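Protein chains in written order, with my numbering: chain A, 78 to 298; chain B, 78 to 298.
Derived from the structure by calculation, the hints contain no laboratory data.
As the structure is a prediction and not an experimental result, all values here were calculated from the model.
Just so you know, not all the hints are guaranteed correct.
It does not matter which identical chain is meant; a pair holds if it fits inside one copy or across any two.
Taking lysine to any residue pairs in the SDA-like style, the calculated list, with each CA pair at most 25 angstroms apart, reads [as the list claims (entries may be wrong)]:
#, residue 1, residue 2
1, K245, Y294
2, K79, V168
3, K138, K245
4, K221, R232
5, K153, V240
6, K245, M78
7, K228, E163
8, K138, R253
9, K228, D150
10, K166, D111
11, K166, N243
12, K228, C278
13, K138, I121
14, K128, P293
15, K135, N158
16, K166, S146
17, K221, D241
18, K138, M78
19, K166, K221
20, K221, R234
Protein chains: 2
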Amino acid sequence: MKKAVVLLSGGIDSAVTLYLARERGFRPTALVFDYGQRHSKEIIAAKRIAKKARARQKIVKFDFPLASSALLDQKKRLPANRSFSEIKKGVPSTYVPARNLIFLSIAASFAESQRAHAVFIGAHSEDYSGYPDCRRGFFDAFQKAVARGTKASSRIRIYAPLVDKNKKEIIKTGLRLGAPLRLTWSCYAGGKAPCHRCDSCLFRERAFRELGVNDPYYEKS
Amino acid sequence: MKKAVVLLSGGIDSAVTLYLARERGFRPTALVFDYGQRHSKEIIAAKRIAKKARARQKIVKFDFPLASSALLDQKKRLPANRSFSEIKKGVPSTYVPARNLIFLSIAASFAESQRAHAVFIGAHSEDYSGYPDCRRGFFDAFQKAVARGTKASSRIRIYAPLVDKNKKEIIKTGLRLGAPLRLTWSCYAGGKAPCHRCDSCLFRERAFRELGVNDPYYEKS
Numbered sequence: 078m079k080k081a082v083v084l085l086s087g088g089i090d091s092a093v094t095l096y097l098a099r100e101r102g103f104r105p106t107a108l109v110f111d112y113g114q115r116h117s118k119e120i121i122a123a124k125r126i127a128k129k130a131r132a133r134q135k136i137v138k139f140d141f142p143l144a145s146s147a148l149l150d151q152k153k154r155l156p157a158n159r160s161f162s163e164i165k166k167g168v169p170s171t172y173v174p175a176r177n178l179i180f181l182s183i184a185a186s187f188a189e190s191q192r193a194h195a196v197f198i199g200a201h202s203e204d205y206s207g208y209p210d211c212r213r214g215f216f217d218a219f220q221k222a223v224a225r226g227t228k229a230s231s232r233i234r235i236y237a238p239l240v241d242k243n244k245k246e247i248i249k250t251g252l253r254l255g256a257p258l259r260l261t262w263s264c265y266a267g268g269k270a271p272c273h274r275c276d277s278c279l280f281r282e283r284a285f286r287e288l289g290v291n292d293p294y295y296e297k298s
Numbered sequence: 078m079k080k081a082v083v084l085l086s087g088g089i090d091s092a093v094t095l096y097l098a099r100e101r102g103f104r105p106t107a108l109v110f111d112y113g114q115r116h117s118k119e120i121i122a123a124k125r126i127a128k129k130a131r132a133r134q135k136i137v138k139f140d141f142p143l144a145s146s147a148l149l150d151q152k153k154r155l156p157a158n159r160s161f162s163e164i165k166k167g168v169p170s171t172y173v174p175a176r177n178l179i180f181l182s183i184a185a186s187f188a189e190s191q192r193a194h195a196v197f198i199g200a201h202s203e204d205y206s207g208y209p210d211c212r213r214g215f216f217d218a219f220q221k222a223v224a225r226g227t228k229a230s231s232r233i234r235i236y237a238p239l240v241d242k243n244k245k246e247i248i249k250t251g252l253r254l255g256a257p258l259r260l261t262w263s264c265y266a267g268g269k270a271p272c273h274r275c276d277s278c279l280f281r282e283r284a285f286r287e288l289g290v291n292d293p294y295y296e297k298s
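Just need the whole structure built from these sequences, with the hints factored in.
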């Protein structure tokens with residue numbers, strides 16, 4: 078079986094990506110980043126999802142030097158109850174400088190070390206159009222940098238299979254693949270239950286609502 | 078003054094690059110990676126060089142997940158007493174998977190966090206032609222990935238001012254700029270004194286020999 082490294086955050090998108098990698102015949106290793114995110118609950122979610130998918134998992138601890146982001150700093154206020162058009166304007170305060178650049182670079186190194194030729198990332202630009210590192214143009218440019226900066230024989234390919242999809246389509250794909258969406262965690266706030274106010278909660282809720290499907294997160298006993 | 082982030086390893090190339098950044102009117106912050114290199118002596122060297130240059134310094138600890146490299150693993154044998162033509166053939170066992178990709182990504186994040194628009198790296202392909210991540214093609218591709226993956230307003234530029242120079246020219250530049258070459262450390266082995274056998278020692282010694290200059294490392298009292 079072909080090896081793949083899959084960035085797994087604990088959210089819906091990366092969980093679906095993990096199952097997409099499996100469907101495409103890859104044996105995935107889940108790479109989970111513990112980077113001081115305020116919603117560290119997502120790490121626990123990621124571990125559960127990897128276990129459910131019977132994927133190997135590797136936790137990488139990484140501290141962003143001096144990065145300032147509402148996603149890292151409990152003292153900063155998270156954007157709340159914004160309209161979708163508002164969310165899509167500009168770079169949100171939850172942007173972490175060059176996060177996906179770093180995560181993908183580490184994933185590429187990890188892939189090269191274990192002779193995997195594939196790295197999967199679940200980013201998509203539909204909801205996260207404000208994040209520069211979630212767009213197709215970035216992934217294409219990064220692909221070229223990886224090809225130049227690693228051994229020619231490593232032939233590492235970057236897959237961002239969801240990049241042009243929206244949350245609704247991603248959930249549909251997840252349901253089709255039997256991805257354990259009930260184990261996923263989206264909320265940016267680190268609370269016990271989802272806050273229903275942050276951008277991430279709003280996108281998740283709208284998608285399930287529009288699909289006419291109950292969010293399986295709440296079906297947990 | 079313009080801010081810059083300079084990758085500082087403790088070797089000659091990055092020390093000269095630090096002084097080049099200063100000459101070009103930048104106020105540099107030295108980014109030093111503690112990544113499990115067997116020659117951790119270079120970290121001490123880097124700190125001394127940064128101090129001498131009155132540059133701010135930031136040490137970043139990073140463990141390469143599962144990476145296999147003679148530069149990280151004391152049990153692996155370092156290449157020794159190779160001819161220069163031999164060294165330039167293929168990727169050496171001291172290659173660390175995607176190392177410069179990761180280091181530059183972290184430097185770009187750091188630069189974006191503190192609104193620096195410049196990242197300097199002292200890599201050059203003359204001696205290190207076997208390392209894919211030391212070549213101009215890689216830096217050009219990485220530049221595009223950074224432009225796409227960070228905020229448009231961040232305008233981060235990657236400078237690799239030594240990329241087409243050889244060690245002799247680099248040392249000459251360092252002498253002209255008054256860079257503290259006596260504080261630099263090149264040897265891959267972690268010994269008390271340079272081993273005189275590893276690729277890095279051989280390049281350093283040949284360059285000083287051809288220049289007809291004594292290596293100031295040995296002038297230390």
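Contradicted hints - numbers only:
3, 5, 6, 8, 10, 15 and 18
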